[in-house]
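> Protein sequence lines correspond, in order, to chains C and G. Note that the first sequence ends on residue 360 in numbering that gives the first Met the number 0; no numbers are left out. Note that the second sequence ends on residue 445 in numbering that gives the first Met the number 0; no numbers are left out.
What you were told as hints is all true, and nothing was included just to trick you.
Below 27 Å or equal to it, Euclidean Cα-Cα: the simulated DSS-like pairs (lysine-lysine) are:
hint: 1; chain 1: C; residue 1: K133; chain 2: G; residue 2: K83
hint: 2; chain 1: G; residue 1: K115; chain 2: C; residue 2: K286
hint: 3; chain 1: G; residue 1: K4; chain 2: G; residue 2: K83
hint: 4; chain 1: G; residue 1: K117; chain 2: C; residue 2: K239
hint: 5; chain 1: C; residue 1: K286; chain 2: G; residue 2: K4
hint: 6; chain 1: C; residue 1: K286; chain 2: G; residue 2: K117
hint: 7; chain 1: C; residue 1: K239; chain 2: G; residue 2: K4
hint: 8; chain 1: G; residue 1: K83; chain 2: C; residue 2: K286
hint: 9; chain 1: G; residue 1: K180; chain 2: G; residue 2: K342
hint: 10; chain 1: G; residue 1: K304; chain 2: G; residue 2: K325
hint: 11; chain 1: C; residue 1: K239; chain 2: G; residue 2: K83
hint: 12; chain 1: C; residue 1: K239; chain 2: G; residue 2: K115
hint: 13; chain 1: C; residue 1: K224; chain 2: C; residue 2: K239
hint: 14; chain 1: G; residue 1: K442; chain 2: G; residue 2: K418
hint: 15; chain 1: G; residue 1: K180; chain 2: G; residue 2: K117
To be clear, the hints were calculated from the coordinates, so they are not data collected in a lab. All of these numbers come straight from a predicted model, not from anything done at the bench.
Here is what each chain is made of, one letter per residue.
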Amino acid sequence: MPRLTEPEEFEEIEIRSAADLLPLAWSADLPDYALDIRWSPDGTYLAALPSTGQPEIHHRQGNEVLALPSHRGGNGSLAWHPDGTTLATFGQDGILRLHHIATHTAREIQLPRGWAERCAWNADGSLIAAAVGKAVHIIDPHTLETLHLIDDHRSTVTDLAWHPTLLNQLATASDGGARMWRLGETKPHARIDDGIAAVLTTWSPDGRWVVTSDQTPSVHLFDMKKRTPLFIQGFETKIKALAWQTGGTKNLPWLALAGSPAITVWPCFGKNGPRGATPIQLYGHLKEVTTLDFPKEGPYLASGARDGFVLLWLPHHSNGPAFIAREENEITALRWSPDGLNLAYATNTGHLAIHSLTTKD
Amino acid sequence: MNTTKLPVTVLTGFLGSGKTTLLNRILTENHGLRIAVIENEFGEVGIDHELVINADEEIFEMNNGCICCTVRGDLIRIIGSLMKRRDQFDHILIETTGLADPGPVIQTFFVDDEMKDKLALNAIVTLVDARHIPLHLESSEEAVKQIAFADSILLNKTDLVTPAELHALEARIKAINGVAKLQRCQNANIPIDSVLDIGGFNLDRAIGIDPRFLDPEYPFEWGGILEVSAGTLTFEANENPDPSMTAVLIPVSATDEESLALAREIAVRAFSHDAIEASSGSALTADGTPYDLILQEGTMSWTCKIETTGPLAIFTQHYPEELDLKFLSQTGELQPAISASYKPDHSHDETVTSVGIQADGDCDEKKLNTWLSKLLRERGTDIYRMKGVFAIKGNPNRFIFQGVHMLLDPADGGPWGNKPRRTSLVFIGRDLDRAELNQSFRKCLA
Chain C
0 MPRLTEPEEF
10 EEIEIRSAAD
20 LLPLAWSADL
30 PDYALDIRWS
40 PDGTYLAALP
50 STGQPEIHHR
60 QGNEVLALPS
70 HRGGNGSLAW
80 HPDGTTLATF
90 GQDGILRLHH
100 IATHTAREIQ
110 LPRGWAERCA
120 WNADGSLIAA
130 AVGKAVHIID
140 PHTLETLHLI
150 DDHRSTVTDL
160 AWHPTLLNQL
170 ATASDGGARM
180 WRLGETKPHA
190 RIDDGIAAVL
200 TTWSPDGRWV
210 VTSDQTPSVH
220 LFDMKKRTPL
230 FIQGFETKIK
240 ALAWQTGGTK
250 NLPWLALAGS
260 PAITVWPCFG
270 KNGPRGATPI
280 QLYGHLKEVT
290 TLDFPKEGPY
300 LASGARDGFV
310 LLWLPHHSNG
320 PAFIAREENE
330 ITALRWSPDG
340 LNLAYATNTG
350 HLAIHSLTTK
360 D
Chain G
0 MNTTKLPVTV
10 LTGFLGSGKT
20 TLLNRILTEN
30 HGLRIAVIEN
40 EFGEVGIDHE
50 LVINADEEIF
60 EMNNGCICCT
70 VRGDLIRIIG
80 SLMKRRDQFD
90 HILIETTGLA
100 DPGPVIQTFF
110 VDDEMKDKLA
120 LNAIVTLVDA
130 RHIPLHLESS
140 EEAVKQIAFA
150 DSILLNKTDL
160 VTPAELHALE
170 ARIKAINGVA
180 KLQRCQNANI
190 PIDSVLDIGG
200 FNLDRAIGID
210 PRFLDPEYPF
220 EWGGILEVSA
230 GTLTFEANEN
240 PDPSMTAVLI
250 PVSATDEESL
260 ALAREIAVRA
270 FSHDAIEASS
280 GSALTADGTP
290 YDLILQEGTM
300 SWTCKIETTG
310 PLAIFTQHYP
320 EELDLKFLSQ
330 TGELQPAISA
340 SYKPDHSHDE
350 TVTSVGIQAD
360 GDCDEKKLNT
370 WLSKLLRERG
380 TDIYRMKGVF
390 AIKGNPNRFI
400 FQGVHMLLDP
410 ADGGPWGNKP
420 RRTSLVFIGR
430 DLDRAELNQS
440 FRKCLA
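Construct the entire structure; sequences and hints are all you get.
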């Protein structure tokens, strides 16, 4: 694997302004550090999860807000049902709560005590997974019963990701790497396991790759098609942000990774994927990049960092970024709306801002 | 944006050492601090407190080239989460299980970028059960490591052992870790500041390695010469947590350094003999006899008949000010004409020990790097902790490092200014060869 290098002209990179193209539409303030923000699948709502206090659902126009009950001990995760009718929130109280948006009602299940890191729906929303401690509960959202319990993990499960289309497959991250599961089986059918502690995991939109970022400055990939692992190292720091590009260029997908001020974008198509490839390297942030996102169908990579900058990139055309906004505080979450016309970001002080495209170009 | 680093204290101690008692006190006492406590998974803190978080003590191997580098993954996750809360804390206190090796906790703060950036490891505080620790030290490697890694050692339950046992235990602890601050207490009753405000694992502490750590060791902490007149000399003391203190009186010929040094050697031999118990009101003799002055409640006194006027050397196991010891003649209180403090001795039968090195002048940077790299590569698993302040040739500033196993955290310690350029370093670890470490280091001098 190639080692990453900083360009000599790093400090002289010119940053163009795209603030006119993507001006601020509205903003709001959450009660605490923004852990995550998620657009509903049709883009009507933006859900925002503060670390403590009430999660909020904002209408895309910014004129309506619905505050949801908070989780005692801190909020953990949120996930939209694929049909957009229900938002799941999960927290350190071990409660998985399903909020029905139209009726403003909620149902909940109390899971066992343990560190509650992530909840996620499968592709059609027939199941929701919640990671508590060393176990993952696969729950029927109608009956709120745990249908499957996946508890063969060496340590606390730090992340999980469903297969993008197969309804009964998911990947979990914990000490030792990632494990890929088929529901109903007691042992994983594949695993990335070379002793590294995995922190985040994601499944590529085409279902070919399972990727983990690790406690060390490294990333592991597993090619589900060839059943082979791949290891990328040489990063300056631990990777904290991952994003898949699924539109806007011919060969897809690409994987953007960041943890230091540098962003790298790796080809994940073709026979070998990133094996032997030289990544696109993007320099412009002054401090560690914390969040990345591509729109569903476009080429624009948005990034947020501890320097407070929100930047826009066209990785396949230019190494130079365009400026969207600068906050006084660290950007902690950033998401394109499903139609790619709105970019939402939030900060470690809970400031939430939405920028909207003035044209479709 | 708040850029101040949040202080973290790690509380260790073998089973039954009093950690839970201390934690409960910290959580209930009115000290004005917001303290988040990360308790071990079997924690027994008996109060419902919103800032108490249970941890699983999940230890990960880092696979980062350091073969002994393990970290606490749960701490990275929990502290990361705590740092994302608006209701920020003044302090984080991490309690480990009684059987835990503190190494992975400390290494977590060395290797995780975010933790290094946002947190300052204030101190490793180890609680020790004075009654049972001798057994634990024989049977448990973790108990030894908990002492070896400590910045501060709270010797608890001192009321359950005899004075002799206590002194022997202190000597044994100091043999393992010669640089930690050692405090006695009962029922974990110690000022909270002693636990939270130590600054033990920071650079100031590294700079402030006790120079006496490198000195020879003696069975007494203080010695001095008084000009006494024929008649009665009275020793007066106030109550002290120590049940007794050994002292010896030796007539000398003058009140100078040489006389004190000669008397010191006589006193060393005297302290090796069994001491005579002397309760308050007893008479002492000024002939080199060692006495155990029995310390009780209130004010105590002892007398000594002085036959001829002249200088008299006195050596005491502890500093006179510790028990407000006064020397009284018929005309009033006497002050020593000359005095000195001495580094107390340790037993040397421990596998885990401290080795201190000190050298005047500059080190050659290249030679030093080579030496340290080789040392850590070959002995990193046995070296638990290191602290050092180096004078590097051509560098006007101090070069400071602290380390855990193979991990080093170097830093600029600021200018030497007018202070003499001198290198001081301390190793705490297993099977350390004092002579070999000294010799090999001295080859790094410029």
